[in-house]
Amino acid sequence: QQQVKQSPQSLIVQKGGISIINCAYENTAFDYFPWYQQFPGKGPALLIAIRPDVSEKKEGRFTISFNKSAKQFSLHIMDSQPGDSATYFCAGVRGSTLGRLYFGRGTQLTVWP
Amino acid sequence: GAVVSQHPSRVICKSGTSVKIECRSLDFQATTMFWYRQFPKKSLMLMATSNEGSKATYEQGVEKDKFLINHASLTLSTLTVTSAHPEDSSFYICSARTSWGDTDTQYFGPGTRLTVL
Chain Z
1204 QQQVKQSPQS
1214 LIVQKGGISI
1224 INCAYENTAF
1234 DYFPWYQQFP
1244 GKGPALLIAI
1254 RPDVSEKKEG
1264 RFTISFNKSA
1274 KQFSLHIMDS
1284 QPGDSATYFC
1294 AGVRGSTLGR
1304 LYFGRGTQLT
1314 VWP
Chain G
1063 GAVVSQHPSR
1073 VICKSGTSVK
1083 IECRSLDFQA
1093 TTMFWYRQFP
1103 KKSLMLMATS
1113 NEGSKATYEQ
1123 GVEKDKFLIN
1133 HASLTLSTLT
1143 VTSAHPEDSS
1153 FYICSARTSW
1163 GDTDTQYFGP
1173 GTRLTVL
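Those protein sequence lines, which keep their order, are chains Z and G.
Using the numbering used here, you'd call the opening residue of the first sequence number 1204 and step up by one each time.
Using the numbering used here, you'd call the opening residue of the second sequence number 1063 and step up by one each time.
Hints are not guaranteed to be accurate.
Unchecked claim - Within a straight-line C-alpha distance of at most 25 Å, the following computed DSS-like cross-link-like pairs (lysine-lysine) qualify:
1) G:Lys1082 - G:Lys1104
2) G:Lys1104 - G:Lys1128
3) G:Lys1104 - Z:Lys1208
4) Z:Lys1208 - Z:Lys1261
5) G:Lys1076 - G:Lys1126
6) Z:Lys1274 - Z:Lys1261
7) G:Lys1076 - Z:Lys1261
8) G:Lys1082 - Z:Lys1245
9) Z:Lys1274 - Z:Lys1260
10) Z:Lys1271 - Z:Lys1261
11) G:Lys1076 - Z:Lys1245
12) Z:Lys1271 - Z:Lys1218
13) Z:Lys1245 - Z:Lys1218
14) Z:Lys1274 - Z:Lys1208
15) Z:Lys1245 - Z:Lys1208
16) Z:Lys1208 - Z:Lys1271
17) G:Lys1082 - G:Lys1128
18) G:Lys1104 - Z:Lys1274
19) Z:Lys1271 - Z:Lys1260
20) G:Lys1103 - Z:Lys1208
21) G:Lys1126 - G:Lys1104
22) Z:Lys1245 - G:Lys1103
23) Z:Lys1274 - Z:Lys1218
24) G:Lys1103 - Z:Lys1218
By construction, these hints were calculated from the structure, which means they are not laboratory data.
Throw the hints in and build the complete structure from the sequences for me.
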């Protein structure tokens, strides 16, 4: 059972545009929601993360919007660049499970120049 | 900070041989490390959770006798693929858990590409 559902599976955006990736979760015990960026042949890198008591977190061009009542959260990449082309994974974490990550299926983002 | 290394980055071996992959947290101590397997264009599949000084906890369907995990210190965990076969060919990634301030998350290694001939 997929505890975190992610969409879309793939996304193509023009340079300078806004990339939006959505995730939804069922488990209300999740208390931490990180996003990871992965380039081909590399390990995932932590991009940005949020806790459910915050509705929005911004770091540079990356923003997480969090809707606790809807159990949804999204990643917005402003002014998308070709270098942002990568696979993005959202995840949920329950502190009681020693930090185990429950990943979404991933979104392959392509930013055209 | 929060750097995790893996060695080797890629390995090619013959069927039936064993391969050891090392995962190190370079600038922090990790009480918990995780081992993942990733197929092309797929998400990460958790194989096992490794706690320093204790036996690893394997996910359902993962053969513990085939994928031996040792977490000997707070900065080193190893995964040994025993009697490797072509179907074990995959991208193996480790991660290490750390808690800094209000952050409790995992940092990933660069991965190891295993090819079994």
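Give me the numbers of the hints this structure contradicts, sorted from smallest to largest.
7, 12 and 23
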